[in-house]
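As you go down the protein sequences, you meet chains L and S in turn. Numbered by our numbering, the letters in the first sequence go through residues 1 to 659 in order. Numbered by our numbering, the letters in the second sequence go through residues 1 to 324 in order.
Rather than coming from a laboratory, the hints here were simulated on the basis of the structure. Honestly, I wouldn't trust all of these hints.
Unchecked claim - Capping the alpha-carbon separation at 20 Å, the derived lysine to any residue pairs in SDA-like fashion look like this:
#1 S/K223 to L/K380
#2 S/K115 to S/A282
#3 L/K380 to S/K302
This one's a predicted model, so the numbers in the text were calculated from it and none came from an experiment.
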Amino acid sequence: MTVTASASESRPPVQRWLAIWALALAAVLVVFLLRDSMSWAVNYPTEAVIPVADWVSALMRWIKSNFSWLTRSITAVLGVPLDFALNLLAKNFKIGHGADMFVLPRLSWVGVCAAAYLAGRAAGGWKLGALVGGCFLYIALFGQWTSAMLTLALISIAVPFCIVTGLFVGIWAWRKPWAERLIVSPALDLMQTIPTFAYLIPMLLLFGNSPVSAMIATAIFATPPMVRATMLGLSRVPSEIDDFSEMAGCTARQKLWKVLLPSARPTLMVGVNQVIMLALNMVIIASMIGAGGLGYDVLLALRALKVGEAMEAGLAIVALAIALDRLSQAIAHKQAKGSAHQEARRSFWRRYPNLTLAIAILAITTLLSLFVPAFAALPKAMTLTTAPLWKAAVNWITLNFFDMIEAFRVALILNVLNPVRAFCEGFPWLGTVFLLGLAGYQLSGLRLAALVAALTAFCAVTGLWEKTMATVYLCGISAFIACLIGIPVGLMASRSDRFEKIVTPIIDTLQVLPSFCFIIPVVMLFRVGDVTAMIATVAFAVVPAIRYTNLGIRQVPPALIEAAKVSGCTKRQTFFRVQLPLALPEIMLGVNQTILMALAMIIICAMVGTRDLGQEVFIALSKADSGRGIVAGLAIAFIGIVADRLFNAWTAKARARLG
Amino acid sequence: MSLRSMISKVSMGALILAAANTLAPVAQAAAPESNDPIKIALFDWTSVNLNAKILGGILEKLGYTVEYPTADYLSSLTTGLTNGDLDVGMEFWDTTAGEAMKASDATGQTERLGKLGPKAKEEWWFPEYMKEKCPGLPNWEALKDPKCAEAFSTAETAPKGRYLGGPVTWEGFDDERVEALKLPFTVIHAGTDAAMFAELDSAYQRKAPIMLWVYSPHWAPAKYKGEWVEFPEYTPECYGDPKWGTNPDAKYDCGKPHGEIWKYSWAGMKDKWPIAYKVAKAYTVDTDELNKMSGEIDLGGKTPEDVAAAWIAAHEADWKAWAQ
């Protein structure tokens, strides 16, 4: 009796919500049916649009005329180390001018490859050394050396800059919870969700058309994970360690720098790794505002339809990413294990044999490059190219499979994409604000409801409603398909080590290979339009779905699986009743990330002719209209934040139910 | 920095002497007036970068230091070129950058350096093999025939033809043109011209129907055989006055404008590097020669630097005269 009683007690809220939702949907349906007489509720009236874009433009003009001296001096200061790195790795040092110019050579490629090998060996044994050295050798052999070194120079200055900034902001936010809540958290969300293209124009106006602007743009995008990692790492330090340092009489400063930060090192290193990867993601965009390098090579090759060359430049970015990723992970791992204190009195070269050797090799090879041209730049005769192969492959597919692909594309467009698009674009804006607010209220409460409703309303009152819904349509459908593919693949990977080994390099490549590289070949097969945009988005967004699903299932404690086996579950039952429910929060996190990744691709998709917020940002870019770009960028960010908040609230609820 | 400036001060004197000896015709010009690098913008297509490398090569021969920052085509007119982050931009086309150039002129911080030489042409374009399916081409009236339009259609546009237009940011007015000329076509906008030419390449290989926006100077009309549709000739009245042309109620009932290609500089260049400014202003290049050189790079696999060096060597008398 008690059981039924409690069940019936808990039932009314559910039923009440069902009734509320039914009523709400009915109300929206009524608005939709009355769209002729209530058109203001369906399409936001143009005369009521708030000119936020004009305000932002005016603000930018004011900042430009009053603060140029400040931003330009920042450019000058940051330019010094950046120029040094660029000259050292790629451009040669030029002293003097004109005819009596004296040139000091850049580091020799032979030396850099050897140094890369030594760094890898020192961090993780000869296997890692061979991998890292091999990646650099690959770049040299495929004739991408100068561009790759331009990119590496930019990253080698930008990454430490991001790490230091991220560390200090993270510490500040960890010490002052109000700062975290009011300033840091919202800022991080915006920095990660506003597409970089949206603030390129202000960047160009304030910091000039130079590698420094590119570096600052990279830093804005790549710093957030470091801040997050710092906050997380510090809050996770066991309280015993904290207490012990108090007892040992540390001052607040000693406690932070000598005890807490070293204890948080593993988490911090994860942040460092993420900073490097995100910085590499920015190379194409950075190339549009003066950075040059591999990103520019990809752009240039694609403009001339050199699919193969673009692919090679893209793969060089992947090689660079793999080398830096594995290296930083190995260093993190090594430091996490902790190293015993060495004798301090031994001489420098004894303490750091690898470093000394690397410096020696670099110096010798660079000196040699003054006399032997082969050390300065790899002779052209030695370079390899696979470009014709890529081109031939794309042509072959075009010739043989186009009709099949075309039939598939047309079916997809007519039966799936167009109806969904029409549905999204015809959905009343007032209804969307209302329904999302209601969802926020049900999942978390009044505060979330107000936030979600306000952010959604922003997209409407700035006159971007139709484009916002076009964005939601494309992202939504792409994220859905990415999950449909990614979650099963992740599940399979979690159940077979061999399969995981095959999948991991593929998703790593998909994540760092600039989407530009494959978007043009996809156009050759699928024409311009939504299908191409969708495929490119799915290819990029599928990565977190696979990764988090795999991780989630593998993290289920073995003890629980043992317990399930002991209590007589079949393999199938163990999987569906134990592993899957326990991994659900992780999988949901993956879905959340998939949505954000799909949103990040919106800008790239504008290049194949979509007509959504991404295109709006693009138009603003070509018209050098800073206000228009930032408002469209904010609208994209708000879609991401609304989705993220609702999803997190839902996951938190599900997690609470699981216990 | 101090070392650099010291060396440059010492070298200035030496350089003037050296210039007097080696570059006799230019000697009295006393270039370079400033050792600051002259920044010539690189954009993302071949001919503009070739022109940048040629001008840069000439200026280097005259003793200037030259840098080549990468920049974005349209926005550079109202950002980099207005404040000296970029000093010279080599190609701004009337046909795609008309409004951006007007905006740039309005700032007063840039200067139109004159025409590059080659004329920009842009129009609807079709591959030669499409003439069989639509024999009336290249006359535009042939497109009004429903059968002809259907030959250019795809499943989602049928029975209307499909026309692949440029990015929405280009000032194409194709939606308006289709409306005004009552053509049974649907305009699809490519997001970038890379995407546009990717479709052309794919269709051309399969001998599949395609109608798209092609412009010249560009490698595409050299690589693929085809023709431009002949619309009623463009006049400014056509774009401004509905009464003009075949459709008395609509503007844009004509072809696209042909136009000049302009060079732009930062307004301060004139005073900072007078000689370099003179050379940049005088620089022109022949249309056929530019097409040939672009082809050598895009189809022949040469580097822009090599092609530029060859041009500079072949036209030494020309550019020396410009520097006078």
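Unsatisfied constraints (hint numbers, rising) = Of the numbered hints, just 1 does not hold.
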